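**Q** Listed below are the residues making up each chain.
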Amino acid sequence: MSALTKTQLSRPSEQLSNETLLDMYWHMLLSRRTDERAWVLHRQGKIAFHISGMGHEATQVGAAFAINRGVDYVVPYYRDLALVMALGITPRDFMLSLFGKAGEISSKARQMPSHWGSKAHHILSTSSPVATQVPQAAGMAFAIKYQRENGLLDPNDAAQPRLALTCLGEGSTSQGEWHEGMNWAGVHTLPFICIVQNNNYAISVPIEQQMAVSHVAERAIAYGVQGVTVDGTDILAFYDVMRAAVARAYNGEGATLIEAKCYRLTPHSSDDDDRSYRPREEVEEAKRTDAILRYEQHLMGRGILSDALKQDYEQRARQMVDEAQRYAENAPYPEESSLYEDIYA
Amino acid sequence: MSALTKTQLSRPSEQLSNETLLDMYWHMLLSRRTDERAWVLHRQGKIAFHISGMGHEATQVGAAFAINRGVDYVVPYYRDLALVMALGITPRDFMLSLFGKAGEISSKARQMPSHWGSKAHHILSTSSPVATQVPQAAGMAFAIKYQRENGLLDPNDAAQPRLALTCLGEGSTSQGEWHEGMNWAGVHTLPFICIVQNNNYAISVPIEQQMAVSHVAERAIAYGVQGVTVDGTDILAFYDVMRAAVARAYNGEGATLIEAKCYRLTPHSSDDDDRSYRPREEVEEAKRTDAILRYEQHLMGRGILSDALKQDYEQRARQMVDEAQRYAENAPYPEESSLYEDIYA
Amino acid sequence: MPEMTLIDALREAMDEELARDPRVFITGEDVGKRGGVFRATMGLYEKYGEKRIIDSPLAELSIVAIGIGAACAGLLPICEIQFADFIHPAFNQIVNEAAKMYYRSGGTWNVPMTIRAPYGGGIGGGLYHSQSVEAFFTHVPGLKVVIPSTPHDAKGLLKSAVRDPNPVLFFEPKKGYRSIKGEVPAGDYTVPLGKARHAREGSDLSVYAYGMMAHYAVQAAEQVAREDGIQCDVIDLRTLLPVDKESILASFKKTGKALIVYEDNLTMGYGAEIAAILSGEGFEYMDAPIRRLGAPDVPAVPFSHPLQEAFMPNPHKIATAMRDLAAY
Amino acid sequence: MPEMTLIDALREAMDEELARDPRVFITGEDVGKRGGVFRATMGLYEKYGEKRIIDSPLAELSIVAIGIGAACAGLLPICEIQFADFIHPAFNQIVNEAAKMYYRSGGTWNVPMTIRAPYGGGIGGGLYHSQSVEAFFTHVPGLKVVIPSTPHDAKGLLKSAVRDPNPVLFFEPKKGYRSIKGEVPAGDYTVPLGKARHAREGSDLSVYAYGMMAHYAVQAAEQVAREDGIQCDVIDLRTLLPVDKESILASFKKTGKALIVYEDNLTMGYGAEIAAILSGEGFEYMDAPIRRLGAPDVPAVPFSHPLQEAFMPNPHKIATAMRDLAAY
Ligand SMILES: Cc1ncc(C[n+]2csc(CCOP(=O)(O)OP(=O)(O)O)c2C)c(N)n1
Ligand SMILES: Cc1ncc(C[n+]2csc(CCOP(=O)(O)OP(=O)(O)O)c2C)c(N)n1
Ligand SMILES: [Mg+2]
Ligand SMILES: [Mg+2]
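Chains as they are written, first to last, in our numbering: chain A, 1 to 345; chain B, 346 to 690; chain C, 691 to 1018; chain D, 1019 to 1346.
Hints in this document: simulated from the structure, not taken from any laboratory. A quick note: this is a predicted structure, and the numbers were derived from the prediction, not measured. Each statement offered as a hint is correct.
Heads up, simulated DSSO-like pairs for lysine-lysine below, C-alpha to C-alpha not over 30 Å straight-line:
1) D/Lys1051 <-> B/Lys490
2) D/Lys1065 <-> B/Lys490
3) D/Lys1213 <-> D/Lys1199
4) D/Lys1263 <-> C/Lys943
5) D/Lys1271 <-> C/Lys943
Incomplete in silico selection of chain C near chain A, CB under 7 Å:
6) Pro747
7) Leu751
8) Ser752
9) Ala755
10) Ile756
11) Ile758
12) Ala760
13) Leu765
14) Asn786
15) Glu787
16) Arg794
17) Ser795
18) Gly796
19) Gly797
20) Trp799
21) Pro855
Ideal placement from N, C-alpha and C gives every residue a C-beta, glycine not left out.
Build the full structure now, drawing on both the sequences and the hints.
**A** As C-alpha cells, this is what we get:
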C-alpha cells in the first residue's frame, strides 16, 4: 500500500520559523502542565473527573499548527486538550469546566469536562458517544464544498474555513458512525481530515480485539481516501503528514485519514485503573520516550531551546495554571435558572 | 490486491455431477418463472407488490449449492428469491406471501413479500431495513464458533450449521450496520460469508455516489477478511469462489466477502420506474447476456442439457407455478385473531 | 386558490424554499434523478441541479449527521428519510446530537435542519413501511415534531420548519399524499410551529388527532353529527412537540370529554401525553374517562390486508368511540 | 440472609447463570479483564474465561446484533451497554429487529437476549452519562423492560431476564449500585417479570416509581408519614413493559390519588402512560389530578453540581409533592 509507506518528499516542518517551533513547544508544555494539574486536583478531591491527553500532545499540537487555526473547522474528541488549547482554549476555560463553574465557555458547565466546543474558535460542540462527530465533521466539510460550488464562498478566502478536521481513537473506528462519515468524505471528495489517535487501547480493550488490521490507515482504502500512518509522538513528522493532508483538502483533492500512533500515559480517565489490562513496563517505556522530552531534545540540539528559556516557559505555564485554578475555584456556580436556558434556539 | 485477482487454482465446479449441474439449472429456471409470474400478477392487479431477483439467479443458486443447504444458516435479503428457493422455499410459499394469505410460512403473512424466513430451513427471518441482517448473521457465525469452543457442538458434525451466509446489495454496504458486522467477522475469525450482490444501483443511485472504490471487495481489507470479486452471472465461476469461502469457513480460517457483479433485469420493485436513471441500452445489454441463457448454452455445449429436457423443465416449472398461484388465490386470508399472536414467546 | 394534493404542496414548499435561499439543499436516498420514491422531490433535481439535490449513500445516520454538520456550518438542510421506519439507524444522531447541540453548546451552535419522513400505515407496507415513529421523538426536548394533515398546512409548516433554527422532524402521512386534497395559497406563507388547528367546532367532546387520523376524525365527527347529533370539537395537533397545551386544554374545558386518536401502538403513544396533561391540568373539567383509540400493541402493521385493516383506526372505529364516549 | 449491594447482587445473578447454563455468555465493552467500568462483571473473566466473557469492539449496534444472531442460533447472550446513553446507536437493532423478530417470523424465531445498561442521573455524569432511556423502549411491543430497585429484585429479575425467551432490556439505576443495600437470598431464585412490587402500604395516595426513584419514594413516604401522618401506597413498578395494569389500578382504587415519580424528562416519560391508564381505566376512582413529578424538559442532566441537583427529583421534592397531593 504505497500510501502508507511512501517517503515524505517535502518536509514542510523544515520551513517553520524558530518562533513557531517554540510556540508549538509552548503549547505542548502548557497542555501537559494543565493536564497534570487536573490530576492533582482530582487526587485532592477538588474535582470529580478528569480525562487526560498526556502522550497525545505531539499529534494534537502538530495538527493545530498545520491548519488555519481558529478558522478551519475542528471537531475534536475528549482526549484533545492540547489540540483545543493550541486553538485558543485557555487553562482558565478548562479549569472552569473541571469545576463546573459559571462562565464555562463550551457548555455553560452543562457538559462534563473535556467536551470541547467553542463557536468563536470554530470548534464544534462535542458529545460523549464516540464517533458521532465524524459524519458531522464530514457535514461541515460538505458545507464548505457546497458553499464554494454554489458561489457562497470564495475557495481562496483564507478568512473562511477551508477544511474540517476531526479526531477520534482507534477503538472508535469500530462504530458505524465512523464508516458512514468516512464514506461521505470519499464519495464527495471532501476537504476533510480524520486523525485516528491510535493508542492501542479503547479503555481496556486492545486493538486486536477491536479490528483485524495492523494499521488503522489501511481502512482508508475502503473509502477511496488517502491513508497514512505516522508516529504521533514525533511532532514534526506528524506536522509534515498533516501539511500534505491540509494541502489536499485546500486544493479540493479530497480527504485524508491519518493514523497517529500515540500512547496514553495515564489510565483512560480518573475513573479508570489500567493495571488489570496494561503491563507496567509498557507504560514506563512510553514515559521514557515521551513526546515532549523528545521534542525538547530536538529543539535543544538545534539550539532553538535553551535551559533558561525552558525554565521561563515552565514558570509561565505554572503561573497560568495557578491563576486558572484560583479563578475557577473562586468562580460561582451557574445560576439554577440557567438549567432552563438554550433548549430551543 | 492479490486476493482480488488471484487465479482460481482449483475449480470445484468441475467435480459437480451432471445431475447437480442440472439441479442448479432447474432452480435458476424455477425461480425465474416464479418471478416472472409475480410480475404478471402485478400487471393484472392481483397483487400489490413484487420485488424481483431476475438477473441475480446465478449468484444465488451458486451460493445455495456451495453450502450445506438447509443446515448452514442463511440470512438473505429481499432480492434472494432464487437463493431461498434453492434452499427449499416453494413457489407456493412465495405465492401465499404475494397474496398475503393464511399458511404463509415466513411470517403468517405479516411481512411484505420477499421478506424471507424459515426456521425449518435455517433461514433467519429478515426485515426491510437494509444491512441489519449482516451483524445478525455474524452473530449466528459467532454462535457456531462459541458452541464449538465451549464443547456444545462437534466442529465436524455436518448435521449442524457450520457457517452463516448473508447477502445484501452494494448500496447497503454504506450502512454502519454492515461495517460493524464485517468487523466482528474479521476480529473473531468467524465462519461467515457475506455476498454483496453488486448490481450497480441502489434503486436509482449508482455505485459512484455510494462509494469511492471500484470494487466492493476492496472493502474486505478494512476488516482483515478475504475479499474477492467475481462475475455473478456465471454460476460456475461463482460456485468456485463460494466453495473456497465455504472451505475457509468450515476450516475455521475466517470470513470471506464475495462481491458478485450482477445486474437487475427489472426496475427495483413493482413500485419503481427505472427509466429516469438507467439507460435502456444498458438494460437490453444485460438481458442479452442473461445468466440463465449463458448457463443453458454451457450445459448444452457439454451435452448435459438437451432441448427436450429443457422443455420438460419448462413444463414442470409452469405446472408448479400455476398450481402455486391457484392455491394461493384460493387460500383464505389469515384469521383476524392472528393479529394478536406471537408478540411474546 | 388552487386545489392541490398533500405531496404537491410539500413539493411546492421545497421548491419555493430552494428558490428563496441558496443555503437550502436536499439530501436523501433517491431524491435526485428519481425524484424520491414518493416523487416528493420530483423535478427539483432538474431545476436546481445535482449540487443542491443530492442523492445520499444508503445510510440514514449519515444523512442526518451530514445535515447536522452542514447546518452548523451555515446551511439549511432538508434531509429525507425514505420511510419513517428507516429513521431508527439515525436515532443516535437525532436524539443525542441534533436535539442536544444547542443546549450542550451553551446556546451557541444551533442546528437549523429539517428531517422529512413519510410515515403511517394502511398502504400495504407491512411491518417496515408503515410505522408511526413520532412518539419516540416527542420525548426529546430540543426537537420539534410536526405532522401536517392538510395541503395548506403541509406547505406552510414545511416552510416554517426549513426556516426554524432548530432541528425539526417533519412526518408526512403518506397514505394521504395523493388522497388528501385541499386549497393551497400560491406563493409564500408560513404556518407557525407549535399551534394546533381547530379542525371542527363542537361542544360534546374533544377529539385530538394528527396526520391521517385528523382527517378520519373529521370524517367521523361529521358522521356522528349527522347521524346522532353529537358535536365533536376536533383538534388537529399539527405540532406534537413543543406540545400546544393551551389549545389542548381550551377544548377540554369546553367539553369535559376527550378522545385521542392515533395510529401508533397504544401504549406510550403520543396519546399518553395528552391523557396525562388532561388528567393532570384538566382534572377539574373531567366528565368522563380519557379515551385513547390507538393501534393495538402488536409489533407493527401487518401486510395481509384484513390484518392491516384490523390494525388501523379508521373513521368507522373512530365514530364508534365517539358515540361511546358521548354516551358516558 | 447476606446483605449485598445492588451491583453485587447483579454480579451474583450473572455468575450463577453462567455456571448454570453454558449457553449464557456476556459481551460488551470492557466486560472482560476490566470487569466492566462499574465492575459489574468483575471476576467473571477470570472464572469463565475469554470464550464466555467477551470484550466487544466499541460498537453498540453490533453488540446487540451479535446478541440477536447468537440468540437465534441457540445461545443466551447478556449484552452490556456501558451507559444507557450509548444505547441509541443500537436503537434500530432493538426496535426494528429484536422486538419484531418473533412476530415477523410467525412465532418461530425468538430472541432470548438480555441487554443490561446502567442508567440515571445524580452521579456527575453530565448530559451523556446520566440519561434515562426507558420511555423509548416501553413504547415497543415485543420488548420487555425491567428496572430493579433492590438487590433482592436485581438478582431475581436478572435471572428471569436471562431465562426469558424474549429480548429484555434491563436498566440498572447506577446511582444505587453501591449505595443501595439489602438482603439477598443465597443461591437460585427468580422474581417474575411483569409484576410490580408493593413497596409500602398506605391508603392516602398511590405513588408509582421505579429504580432510584422507588427508593426515594419510600424515603419520602416514611417522612410524610412521620411528619404529616400521610400514608402513601408505594408501588415499585419493577417491570415497565409489559405494563402491570392490575397492580397499578389496584392501588389507585384504594387511594384515588396518584403521584408518579420518574427522573426522566417529564413529557412523554413513562409517567404519561401511567397517567393515561389511570385516567382511562381508573376514572371512577379519581379523587384528584394525576400528578407527575419528573425531571424538567431540558435536554439532559447537566454536569455542574447545582444544576444537576435542580434537575433531579429527590426525596425532598417527592415529599413536597406528596403533601401537596394529599391536601388536594
Ligand atoms: C458510543 C459510546 N460507547 C461507549 C462509550 C464509553 N467509552 C468512552 S471512551 C471509550 C474508549 C475509546 O477508545 P478509543 O476510541 O481507542 O479512544 P481513546 O480513549 O483510547 O483515546 C469508551 C468505550 C462512549 N463514550 N460512547
Ligand atoms: C435502512 C433502509 N433505508 C432505506 C431503505 C429503502 N430501500 C430499499 S432497497 C434500497 C436500495 C438497496 O440497494 P442495494 O443495496 O444496492 O440492493 P439492490 O436493491 O440493488 O439489490 C433502498 C434505498 C431500506 N429498505 N432500508
Ligand atoms: Mg484508543
Ligand atoms: Mg444494488
